Amino acid sequence: MISCKEASWLMSEGLDKQLGFAQRIQLRLHMMMCTSCSRVQRQFAFLRRAAQRYPGPDDGDEGKDQS
Amino acid sequence: MGGPLDPRDLERHRKDLMRFAMMQLGDRARAEDTVQETLIAALQGIGKFAGRSSVRSWLTGILKHKIIDAMRQSRREESLDQNEEEQPDSDGEAFFGRNGRYAERPADWGDPEAGLSQRRFFEIFERCMEGLPKSTARVFAMREVMGMETVEICVALGISASNCGVLLYRARMRLRDCLGKTWFVRGER
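Protein chains in written order, with the numbering used here: chain A, 1 to 67; chain B, 1 to 189.
I should point out that these hints are in silico values taken from the structure, not numbers from a laboratory. Warning: the hint list may mix true and false statements.
[To be verified] Below are the DMTMM-like pairs computed for lysine to aspartate or glutamate, each with C-alpha atoms no more than 20 Å apart in a straight line: (1) B/64 with B/126; (2) B/15 with B/123; (3) B/64 with A/58; (4) B/15 with A/58; (5) B/181 with B/113; (6) A/17 with B/152; (7) B/64 with B/16; (8) B/66 with B/33; (9) B/134 with B/177; (10) B/15 with B/37; (11) B/181 with B/111; (12) A/17 with B/149.
Quantities reported herein were computed from a predicted structural model and do not represent experimental measurements.
With the sequences and hints as input, model every part of the structure.
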């Protein structure tokens, strides 16, 4: 069974490239038992969504949404 | 709102665009060039601005393309200053105990999506990115903000794929730590 440290590394790798078969299995097994890593995986995914939206909503300098 | 876009409205965004470009390019002169090109392109295409998105996201979209072009052109001219990186904790050592378990149990961020519509969140997100070592921040920005493929990033920066992976991992671990300590403090539990 891989450690959380190894699992978090694989999660990160998996965001950038296709993991090998063995790695995917190891990771999946780990994730089934580990709430901490499930959280971290959701956090990594959220970081990606945030980065894609960066720099985020406007200053509202045109008063587009509010007002 | 709705009315035609005044060219003078564009200029107002220069500073934000500069910050964005600096983060990706890490070089003032080149950042200024891309921002300039962006504003010119926007001016030429001002009639095409649909008003469906905000001016800023429209400009940022143009800027992203300009930055990617600039990166492709310069390829390895810019190399990462790898010595600036502190060596220890290259594997996010600091976040784990000896047994490979988290030193601090990761918090549940609940439903984090609400942050994505808040300006304040992105200010904090930006501050967290700026808190990363420079090359770590750049690789993260290229990958996640610009959506470039890792291979492309390695070539542009002249670093190995494994180095790239390490930097991305480090960035993610630190950013989640930083957001956890700043933005998600209240939501924690």
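Structure-based check of all given hints:
Straight-line distance between C-alpha atoms of residue 64 of chain B and residue 126 of chain B comes to about 17 Å, which keeps the hinted pair within the 20 Å bound. Between residue 15 of chain B and residue 123 of chain B the CA atoms are separated by roughly 14 Å; this keeps the pair inside 20 Å, and the hint holds. In summary, the hint linking residue 64 of chain B to residue 58 of chain A is supported, as the alpha carbons are separated by about 17 Å, within the 20 Å threshold. For the hint linking residue 15 of chain B to residue 58 of chain A, the alpha-carbon distance of about 13 Å falls within 20 Å, and the restraint holds.
Between residue 181 of chain B and residue 113 of chain B the CA atoms are separated by roughly 17 Å; this keeps the pair inside 20 Å, and the hint holds. This hinted pair checks out: residue 17 of chain A and residue 152 of chain B have alpha carbons roughly 13 Å apart, not beyond 20 Å. Our distance criterion of 20 Å between C-alpha atoms is met by residue 64 of chain B and residue 16 of chain B, whose separation comes to about 13 Å. Between the alpha carbons of residue 66 of chain B and residue 33 of chain B the distance comes to roughly 9 Å, so the proposed pair stays at or under 20 Å and holds.
About 17 Å separates the Cα atoms of residue 134 of chain B and residue 177 of chain B, which keeps this hinted pair within 20 Å; it holds. Restraint check: the Cα-Cα separation between residue 15 of chain B and residue 37 of chain B comes to about 14 Å, which is no more than 20 Å; the hinted pair holds. Note on residue 181 of chain B and residue 111 of chain B: the hinted pairing holds, with a Cα-Cα distance of about 16 Å set against a maximum of 20 Å. Restraint check for residue 17 of chain A and residue 149 of chain B: satisfied, since their Cα atoms lie roughly 9 Å apart, inside the 20 Å limit.
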